Amino acid sequence: MTATFDEAVRARLQAPSIRYVGTVFADGAPRVSPMRVDLEGEGELTFNTSVGRVEEENLRRDPRVHLSHADATDPFARVQISGVVARFNEGEEAHDRMDRPAREYLGSERFEWIVPGEQRVAVIVRPVRVRHIVGVERFRPGGSVPAL
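The letter at position 103 of the sequence shown is residue 103 when you use UniProt numbering, and the numbering goes up by one with no holes.
Bear in mind the hints are in silico, worked out from the structure with no lab data behind them. Note that the coordinates shown come from a computational prediction; the quantities given were computed from them, not determined experimentally. Treat each hint with caution, since some may be false.
Derived DEER-like restraints, expressed as beta-carbon distance ranges [claimed, not checked]:
| no. | residue 1 | residue 2 | range |
| --- | --- | --- | --- |
| 1 | Glu104 | Glu42 | 16 to 24 Å |
| 2 | Asp27 | Asp74 | 18 to 26 Å |
| 3 | Gly135 | Glu93 | 23 to 31 Å |
| 4 | Arg138 | Arg110 | 43 to 51 Å |
| 5 | Gly52 | Arg138 | 40 to 48 Å |
| 6 | Ala70 | Ala3 | 16 to 24 Å |
For glycine and all other residues, C-beta sits at the position ideal for the given N, C-alpha and C.
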């Protein structure tokens, strides 16, 4: 099952901003990394990492990923996306994908900080659940209000 993005979520994803990408260590502990995440076509997301980095290793072992983003002016307006890795793109294509964020964030035509021998990996994520929350989140159906 693939989730879709409404117009408000799509607009947030298209704006240059850092998202928080959560992966899972082998022992089940969470790991969260700030990353640039882009729309890939109409319904997938993509971010870039390198072979041997923690998020790449975590995702090759366990393809579950969670992305979170809070609005800079209202941190209670947020988007949370749960998904799974659909594929990894490597080689020149992954290196070329680093140029767009370099233009947006650094004003440079090329991403100039590739380490010699570094192998970039573009991670393509299929969203499974998308939540756009504004304000205080409601209790889950059937959930109870905590006693004071």
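Outcome of range test on Cβ distance (Gly52, Arg138; 40 to 48 Å): holds (41 Å)
Does the hinted range 18 to 26 Å hold for Asp27 and Asp74 at CB? violated (35 Å)
Could one say that the CB atoms of Gly135 and Glu93 fall in the range 23 to 31 Å? 40 Å Cβ-Cβ, so the 23 to 31 Å window is violated.
Could one say that the CB atoms of Glu104 and Glu42 fall in the range 16 to 24 Å? holds (21 Å)
Return holds or violated for the Cβ distance of Ala70 and Ala3 against the range 16 to 24 Å. holds (19 Å)
Quick one: are Arg138 and Arg110 within 43 to 51 Å, going by C-beta? holds (46 Å)
In this structure, the hints that do not hold are numbers 2, 3, in rising order.
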